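Chain order of the listed sequences is A and B.
The opening residue of the first sequence carries number 1 in my numbering; numbering runs sequentially from there.
The opening residue of the second sequence carries number 116 in my numbering; numbering runs sequentially from there.
Bear in mind the hints are in silico, worked out from the structure with no lab data behind them.
Computed from a predicted structure; not experimentally measured.
Heads up, some of the hints might be wrong.
As the list claims (entries may be wrong) - Heads up, simulated DSS-like pairs for lysine-lysine below, C-alpha to C-alpha not over 27 Å straight-line:
no., chain 1, residue 1, chain 2, residue 2
1, A, K42, B, K126
2, A, K68, A, K107
3, B, K126, A, K107
4, B, K177, B, K130
5, A, K107, B, K159
6, B, K159, A, K1
7, B, K198, B, K177
8, B, K198, A, K107
9, A, K102, B, K186
As the list claims (entries may be wrong) - Computed footprint of chain A on chain B; a stretch qualifies when at least three of its residues, placed anywhere within it, have a C-beta under 8 Å from a C-beta of chain A:
no., region
10, 159-165
11, 188-199
Glycine residues also receive a C-beta, built at the ideal position from the N, C-alpha and C atoms.
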Amino acid sequence: KQEVTQIPAALSVPEGENLVLNCSFTDSAIYNLQWFRQDPGKGLTSLLLIQSSQREQTSGRLNASLDKSSGRSTLYIAASQPGDSATYLCAVTNITQGGSEKLVFGKGTKLTVNP
Amino acid sequence: EAGVAQSPRYKIIEKRQSVAFWCNPISGHATLYWYQQILGQGPKLLIQFQNNGVVDDSQLPKDRFSAERLKGVDSTLKIQPAKLEDSAVYLCASSLLIQKRANVLTFGAGSRLTVL
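This is chain A alone, in the form it adopts within the complex (with noise of 0.2 Å):
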């Protein structure tokens, strides 16, 4: 069964600072990896998604990193701004045995980035 965990589970930062978000994952059989982006009160907005067959994403300040063999994706945010705060998550995609793709969610990292 996958498991997925998020460290650290808040994070709080002041303006300017570039930081790292993390993911684990138990089953490295992965399809993809997707990091959303959750705001309070609202759905989910997917930020990148990588393909079990690359190693990053980027996207602004926005990059992701992919090592599937060890079971870890990061996230990094360069330069921080208090719009960026927000519960992030982190969501990877495996196969079933019947061909369909099931999503395994982690809890989330929330962020807040201090003026």
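Once you have looked at the hints, place chain B on chain A.
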């Protein structure tokens, strides 16, 4: 493009009552998901549809939860009777099928259920 629409946004009921949530996915998205997100937890998949067929409902408490996706478009999720532990946000998501695989998920804003 319009996003994933969900209603109602908020619902408060007493235990043992019933409730229904509605989801309208992005046009053309073949795959539709219902997730349950309890406060402080990550979303947990309840049921996944591909067109109007169920591909995964292994974590759906079938004694009280039911879901349908008529005509492969809109979907409803029903809880009857509700329990206190059903208090959560119910998220609907949809995705395109590309080369027979679901792609990036787009989530709705969710329906927050409080069971008293």
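Check your understanding: Within a Cα-Cα threshold of 27 Å, do K198(B) and K107(A) meet the stated pairing?
Key -> With Cα atoms ~23 Å apart, K198(B) and K107(A) stay inside 27 Å; holds.
Point to revise | Agreement of K102(A) and K186(B) with the hint, judged by alpha carbon distance not exceeding 27 Å | key: holds (23 Å)
Practice item. Take the C-alpha atoms of K198(B) and K177(B), compute the straight-line distance between them, and say whether it is at most 27 Å. Key: holds (13 Å)
Check your understanding: Given the hinted pair K42(A) and K126(B), is their alpha-carbon gap at most 27 Å?
Key -> holds (15 Å)
**Study point:** Restraint check for K177(B) with K130(B), where alpha carbons must lie at most 27 Å apart
**Key:** Given pair K177(B), K130(B) holds - Cα atoms ~17 Å apart, limit 27 Å.
**Study point:** Coverage of the region 159-165 of chain B by chain A, judged on three or more residues with CB within 8 Å
**Key:** holds (count 4)
Check your understanding: Three or more residues of the region 188-199 of chain B near chain A by CB distance under 8 Å?
Key -> Violated - the region 188-199 of chain B has 0 residues with a Cβ nearer than 8 Å to chain A, which falls short of three.
Review point. Straight-line Cα separation of K107(A) and K159(B) no greater than 27 Å?
Key: Given that 27 Å is the threshold and the Cα spacing comes to 10 Å, the pair holds.
Practice item. With a cut-off of 27 Å on the C-alpha distance, tell me whether K159(B) and K1(A) pass. Key: Since the Cα atoms of K159(B) and K1(A) sit roughly 13 Å apart, the hinted pair holds (cutoff 27 Å).
Exercise for review: Given the hint that K126(B) pairs with K107(A), test it: the Cα-Cα distance must not exceed 27 Å.
Suggested key: Cα-Cα ~24 Å, so holds.
Practice item. Would you mind confirming whether the straight-line C-alpha gap from K68(A) to K107(A) stays at or under 27 Å? Key: holds (20 Å)
Consistency note: the structure conflicts with earlier hint 11 alone.
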